[in-house]
Amino acid sequence: MNSTNQLLDNLNALAAALFLLTAFGMVAMRQARGVLNLFIAQSLLLSASALFLGLRFHSDHLYGVALVDIIIKPVIIPWLLRRTAPAEIYTRREVNQALNIPTALLAALALAILAYFLAQPILGAVAPQFRNPNVPIGIAGLLLGAFTITVRREAVPLLVGLLAMENGAFLAGIAIARDLPLIVELAVASDGLIVVFIMGVLTRAVYRQIGSTAVGELASLKEAPETAGEERTA
Amino acid sequence: MSVVLLLLLPVIAAALVLLPFRKLWAPAVTIASSLVILVLAARIAWQASQGESVTSVLGTGFFKWINVDSLSALILLLIAFVSTTAAIYSAGYMAHGDYSSWRLRIYYVNFNAFVFSMLAIPVLSEPTLVWIAVALTTLTSALIVSFENTRDALEAAWKYVVLSLMGAGMALFGFLLLFAAFEASGSTAAFTWNDLGNAAPGMPPVLLMTAFLFILIGLGTKTGLVPMHAWLPDAHSQAPSPVCALLSGIETSVILYVIMRLFPIMRAVPGSHAATWAIVLGLISVGTAAFLLLQVNDYKRMFAFSTVEHMGIILTAIGLGASNANYGALEQVVSHSVTKSFCFFAAGAVLLAVETRQIASVRGLIRRSPAAGAALVFGGLAIAGAPPLAVFLSEFSIMKAGLAEGSYAVIGLLSFFILIAFFGVMMQINRMVFSAGNTESAGVASGVSSRPGKKFHLPFSCRLALAISGAPVILLGFYIPPPMQDLLAHATAILTK
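Protein chains in written order, with my numbering: chain G, 1 to 234; chain Y, 1 to 497.
With the rest of the complex left out, here is chain Y (with noise of 0.2 Å):
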């Protein structure tokens, strides 16, 4: 039951946030129903960490397609998490924007409608539902990737738009594939994640390396793969910065968890190539957006990459098979959306205090913002992967994993590529942070009003924002809570089953 309550929460919340009522009516909705998702997550969490998969009750009709196992259940704790921080984000950042009300009402109903189609992927068993619920995601945050409504705000969004849907008609055809295959096996089993598993070695090979090409290829797109990765930075760059913490910190990775339940399958086909074509994606986008973040002009732009580069290090892990590196690729999953996250809520709270996305127009950031500028920085580090943080740890279990199996060249190449990742992302976070000269002459050569000399304070629901996320940056970095080793090892039996 608690399941189809998840589900119903932010549905509700979206109609209560039109309700007329005062200004922080909306934020404050939007916020207590993250909330109350939250705890319901960490309790299915819980529980599927002792090894059991919740389902519904009600166990008829739609609702025999809703299951939720230990994997199901990480990301949908992960989704909980991310959503309730940038609840709470942009209560104090969007209230600093001067919005109407009415837009404001309109960002908080596409805030819910987007949380509610992130959890629908997870919670659903039905692949092709689960379809559905990838298009959706795309659909609902559409409209608050173009909020701005600049002109390279709609760009934005209509690339976003155009190019995942693209990407999903192609992963329709490769579904509809999948349940062709299912058909064939001679399976009279409901079409769900676990009985597909269960049918694989029935199945025509011919069909399931075919959807699982197109599904790889469609999904791959809305997962920002190179070279499908094109409207990425942009989507990624151009949203409120809350929004951004959530397309970026959870949507690529709950889309990326759909294309990991397709490798159990694929494991019963012999001689798939699913691993290589996996590693070899996963390489490529962690090689081209390396270099690529050593040349941005943008800072949201730079942690939009970083995420390209991370969905190739997971993709990549998950190719490598064996199942310490898919405890490794879960475990990041894990550190990649909460430190990114962070990473949104920091780029934020500096865009707030300087008015500007360019790299080069911040200077002397920690002068004019010591909290904005040590967030940038702390959340750098960590998203770099600097020792003692969640993304070090993870990245550790990969390589650890990968030099284990004798993966050398694949590992070699990825230490290679996340050391030029980490001089990129430090390179231009220290030139904004650290060095000298003022952001106030850009911000007056670029007509942005600054008041100069003055200090910027730092909303409070960003403050809080930032420092709960930034915990479990922190936390995962050394010590990861037996409940949640537990949860990452049930997640990991799934994956390498």
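In isolation and in its complexed conformation, chain G is listed as follows (with noise of 0.2 Å):
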């Protein structure tokens, strides 16, 4: 019996160690297809550590976690972005980053470490059995996708990176708070969905008005000097 929760500790760590890569390649990856398809590989891996977790520790609350992860996020939200949002976006490649892409990777070590000196009080003030990676690791997916949106300009990398935060909050959140309601997991997931259809919508209407989905670009409004404010008027 030991042996097994051995193994389960195990593969839930190689499955937690890998979603952190994730999160590292959607800071750095140009194809917004190729950023979505880091976005499916890491919900498999939180349904996975959901499923791991689950079987360490008899839980059915966490069956259903990555019941609803597999269902919801790797099928349904890449079908509902394609129905929405304009093809474009998956053509998309973005050159022109905020920071480049070594700078940008640089940065996000450092927010990895950050995490995990953050996630140090947390692990301490926990019972033993919860003080798993999925803890640092899952506020390292929470920095790094908010670092993912403060860094691109494309449609696709924002949304993902969106997305990713809630995956991060979530794979910390299977090993705290395990007997969350299921119905939150539920909503929550939905939610997700709702927060692609109302952007895909979104970025329909930023192509058809400004011929890109580079919607980073947007940048007119702010407290500008009066004249400039006129001529924008104008």
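One thing to keep in mind: the hints can contain errors.
As the list claims (entries may be wrong) - DMTMM-like mimics (lysine to aspartate or glutamate), calculated; alpha carbons at most 20 Å apart, straight line:
id	chain 1	residue 1	chain 2	residue 2
1	Y	K23	Y	D152
2	Y	K497	Y	D486
3	Y	K23	Y	D98
4	G	K222	Y	E148
5	G	K222	Y	D486
6	Y	K497	Y	E405
7	Y	K64	Y	D195
8	Y	K64	G	D179
9	Y	K497	Y	E52
These are computed hints drawn from the structure, not numbers from a lab.
Got two chains here, each in a separate frame; can you build the complex from them with the hints?
Encoded structure:
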């Protein structure tokens, strides 16, 4: 029995480590399609981790999380995105990021280390069986998702960054808040669907308006001096 | 039961407005549903003012998470009031633009869905479900922020969605930590605001504090606290004016209500510094907004910055923490909601009259449209905190409470910033309304159609909405009705617990 638990712990740690790798990939990957694929992989790893922890602690609730996750994120979300957003988004290749890729990866590394330190007091406060790599890696996923949003300009990486933040929060969540009512997980996942739908519709509108899906290039609203403001109205 | 009905009504209305009847159908359904919601909310608030807590009678399954205490009832009443006036205002305002009937229906679907998601926040008592309702408010309002479909409106909607959801992601982790802390306390009660407060002394302080910070930063983004406010002036100025009234007047306060709920819990943690965080973030918000108010060039952005300022004032008051300060904070929530929605209705009236948002282009408004000009002056005075009006009274309560506590530095800074904000707002409005010169010249230069010399007449529904929302602005300035006082007192007791 003990060796099974050991194995499950190790498998869970492997899934979590690969999860972190996908989070790094999202920062660096240029192809919009590639970023979406990374998100699909990340969601599969999240449900794998939920499954391993579910087996480890015999928790029906975690099986539920794994099931909800594997249906909605890798399958329905990409389908919905194809239906709502213009097909253009997949062919996009982002050339000028706000930071170049090596710098972005270095900053991402710093964030991951920060996440590790942030997680220590939390790990110290929970029961010993909850102390697994999910917490630091989940926090890292959360921070790297936020970082992806700040450096990206294209619609798909922005959207994926948002969904990755949710994934990160849940990767840590399934380790420390195991008995969260399933309805919450279900509602959060369907919330993700609405996010995709709304952002897809907005992307389509932006594409019609400026002929590109680089939504980050919309940057005219600010406290401009009065003359610049008048030019805009004209 | 009335609570469940309250949540069902906007959903039903959202479905009904899609029916392809005449153009009047959608606004009529929305106004009717808002009025019924207002009556129901007033009844619930009345019960709550007697010290009762209104639960759903169904009591099983999902419905055990529905519970309205006096604090929620207060927020509920405000949402119902502002959404009713906004629905009335929308009827005339939206008919003025030449939108196809299909687009108008989409507007009303989103309007009702947005009202639904806001009503769900105070009604639900399970924190993670509240988080979902908070995320829903962003999603249901995104498409009406971008409703005008201009480049600027789309940019505002994108920023709004991306930054709010980024905040929501942070807050989600905070709520999961809160749940972990709740479990670690060994409490077997349901995970609700109330039981959370009871279980707080047994929770690991580290988890609680981390949860608090993640939620404060995450939801603070959606409340528009500086430095997470970057999206707010954009979204709150680009949306159609009735939607701005909802966004600025009530949505920000509703999200702040969720943050407020944490303070009684945090008080159980010794040395948590939650109050210090609130005061610091609050003062930074008030200060930044006050100075930005001096240099805005768009009058809708001006009111948006004033929202940032008021959220800061409320958060500072909550941070002061004593019973009187909490009473002042809630009073300020009430007066800000009614006043700010009035301000955006007035701004919308100005926009209809002059067709530009630039302060510099609007001159001598009082001659072009006396109604819009007078409303703008009144709204400006009211929101800046001029004496016998609602905001003055509530700001005065907060300062009195702060001075009684001996927080001289905080109150000193607060009143200094409020003074600057007052000056900023009134300077801009004075230039727009009373200065010599004509708006026409600017209108012609920017190619906007204007009929020179002709006076502009505001649609009837806009006048009606202005009158209804203006009434409490005046009334609450010198007289708070006894049931309202009871409600405020009970709600304060929950916050101070």
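Worksheet item: Within 20 Å, alpha carbon to alpha carbon, are Y:K23 and Y:D152?
Response: 28 Å, violated
Worksheet item: Straight-line Cα separation of Y:K497 and Y:D486 no greater than 20 Å?
Response: Given that 20 Å is the threshold and the Cα spacing comes to 16 Å, the pair holds.
Worksheet item: Are the Cα positions of Y:K497 and Y:E52 separated by 20 Å at most?
Response: 16 Å, holds
Item to complete: Take the C-alpha atoms of Y:K64 and Y:D195, compute the straight-line distance between them, and say whether it is at most 20 Å.
Response: Roughly 13 Å between the alpha carbons, so the hint for Y:K64 and Y:D195 holds.
Discussion item. Against the 20 Å threshold, does the CA-CA distance of Y:K23 and Y:D98 hold or violate the hint?
Written reply: 12 Å, holds
Worksheet item: Given the hinted pair Y:K64 and G:D179, is their alpha-carbon gap at most 20 Å?
Response: 17 Å, holds
Worksheet item: Is G:K222 close enough to Y:D486, meaning Cα to Cα at most 20 Å?
Response: Violated: G:K222 and Y:D486 sit about 43 Å apart, past 20 Å.
Practice prompt. With a cut-off of 20 Å on the C-alpha distance, tell me whether Y:K497 and Y:E405 pass.
Written response: Holds - the C-alpha atoms of Y:E405 and Y:K497 are around 18 Å apart, at most 20 Å.
Worksheet item: Are the Cα atoms of G:K222 and Y:E148 separated by 20 Å or less?
Response: 18 Å, holds
The structure fails to meet hints 1, 5 from the earlier list, while all remaining hints are met.
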